[in-house]
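*Asks:* What follows is the residue order along each chain.
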Amino acid sequence: MMDRATEQDKPNGPVAAALLAGGIGAAAMGVVTTLAAASESFAQSLAWIPAVGPLTGKSLVSTIVFFLAWLVLHFRFRGKEVNFNQIVTISLVLLVIGLLGTFPPFFELFAGE
Amino acid sequence: MEISAREGWTVLHGMLFGAAFLLAFAGGLAGLYSLRPEWITLEGLQERMARLKIGMWTMALVAWATVITGTFIVYPWYRARPPEGTTDLSAFPRYLLLASESTAEWHRFGMEWKEHVAWIAPIAATVVAYAVTYYGPVLAKKPNERRAIMIFFVAAFVTAAIAGIFGAFINKIAPIR
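Residue numbers (the numbering used here), protein chains in the order written: chain A, 32 to 144; chain B, 300 to 476.
FYI, nobody ran anything at the bench for these hints, they're computed from the structure. Any given hint might turn out to be false.
As the list claims (entries may be wrong) - Interface residues of chain B toward chain A, partial, derived using beta-carbon atoms under 7 Å:
1. T370
2. I372
3. E411
4. W412
5. E414
6. H415
7. I419
8. I422
9. A430
10. N443
11. A447
12. A454
Glycine included, each C-beta is placed from N, C-alpha and C at the ideal position.
Produce the entire structure from the sequences given, and follow the hints as far as they go.
*Replies:* Written out as structure tokens, the structure reads:
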């Protein structure tokens with residue numbers, strides 16, 4: 032019963048931090064993909080492994096942004112009770128930005144150079 | 300009964316890792332959806348949570364394995380540029396697709412979407428695995444949190460499914476050999 036009571040009191044901050052970081056990571060993929068479509072020179076700057084091309088940078092940047100954001104937000108929200116609905120709404124908006132930014136008919140609208 | 304190393308990696312990436320993730324989704328979603336105190340006993344809840352935690356972390360790891368093998372092992376073979384003057388493009392799937400207007404959209408739309416959107420799946424799946432582990436059985440009494448976690452779980456599935464479906468079609472039309 033003690034365990035249950037302790038778990039019941041768990042603050043929502045850490046989970047809110049993970050959800051928000053997930054949204055930020057997804058949005059990072061969408062933004063980087065769209066920027067790479069808009070600028071060939073930016074795309075080439077992401078080709079860290081030539082055989083893989085710009086997808087190297089796009090995938091690694093979004094992964095690093097996700098884990099870094101999670102780390103920062105985790106320590107910021109740790110042990111705290113936050114406005115969960117607000118955080119979830121922001122996370123979902125960021126998730127949608129990620130989905131939109133990785134959708135070819137969308138990012139090709141910005142194709143330049 | 301021979302299979303090349305490239306075909307083997309493609310099978311590992313798509314048929315083992317990718318398909319395993321998609322197949323596990325139904326079980327995971329059912330587990331999350333039915334995580335309600337009025338539907339299960341305390342003993343049932345504890346037994347289910349252990350299974351759910353293992354299942355979610357396995358799915359997250361499999362999702363990472365899928366995108367890493369896909370991007371860094373299989374994808375370079377797909378996008379390899381043929382030497383000047385090559386007329387047989389069968390070993391260069393990207394250029395084979397782009398060589399004909401009837402197949403070019405499989406690259407321009409299908410592959411371009413797949414290679415990017417797929418990376419959202421492991422991110423979302425990792426968030427779900429962490430949240431399930433953090434709350435444990437208490438998640439059954441937190442409908443708001445459970446709903447948010449389920450949305451991320453569905454997002455992980457949808458993005459993986461887009462990648463999986465296009466991957467299967469593209470490998471059918473322009474296989475990696």
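*Asks:* For each hint, tell me whether it holds in the structure or not.
*Replies:* Right, here's what the structure says about each hint:
A hinted interface residue such as B/T370 counts as satisfied when its beta carbon comes closer than 7 Å to some beta carbon of chain A; here the least separation is about 6 Å, so the hint holds. For the restraint placing B/I372 at the interface with chain A, the shortest Cβ-Cβ distance is roughly 10 Å, beyond the 7 Å limit, so the hint is violated. Interface hint at B/E411: satisfied, since its Cβ lies 4 Å from the closest Cβ of chain A, which is below the 7 Å cut-off. Because the beta carbon of B/W412 sits about 5 Å from the nearest beta carbon in chain A, less than 7 Å, this interface hint is met.
For B/E414, the interface hint holds, the least distance from its beta-carbon to any beta-carbon of chain A being 6 Å, beneath 7 Å. Given the 7 Å rule on beta carbons, the hint for B/H415 holds: about 4 Å separates it from the nearest Cβ of chain A. The interface hint given for B/I419 holds, since its Cβ lies 5 Å from the closest Cβ of chain A, which is under the 7 Å cut-off. Against a cut-off of 7 Å between C-beta atoms, the interface hint on B/I422 holds, since the closest Cβ of chain A lies about 4 Å away.
Look at B/A430: its Cβ gets to within about 5 Å of chain A, closer than 7 Å, so that hint holds up. This hint holds: B/N443 has a C-beta 6 Å from the nearest C-beta of chain A, less than the 7 Å allowed. For the restraint placing B/A447 at the interface with chain A, the shortest Cβ-Cβ distance is roughly 4 Å, inside the 7 Å limit, so the hint holds. The interface hint given for B/A454 holds, since its Cβ lies 6 Å from the closest Cβ of chain A, which is under the 7 Å cut-off.
Violated hint for the displayed structure: number 2, the only one.
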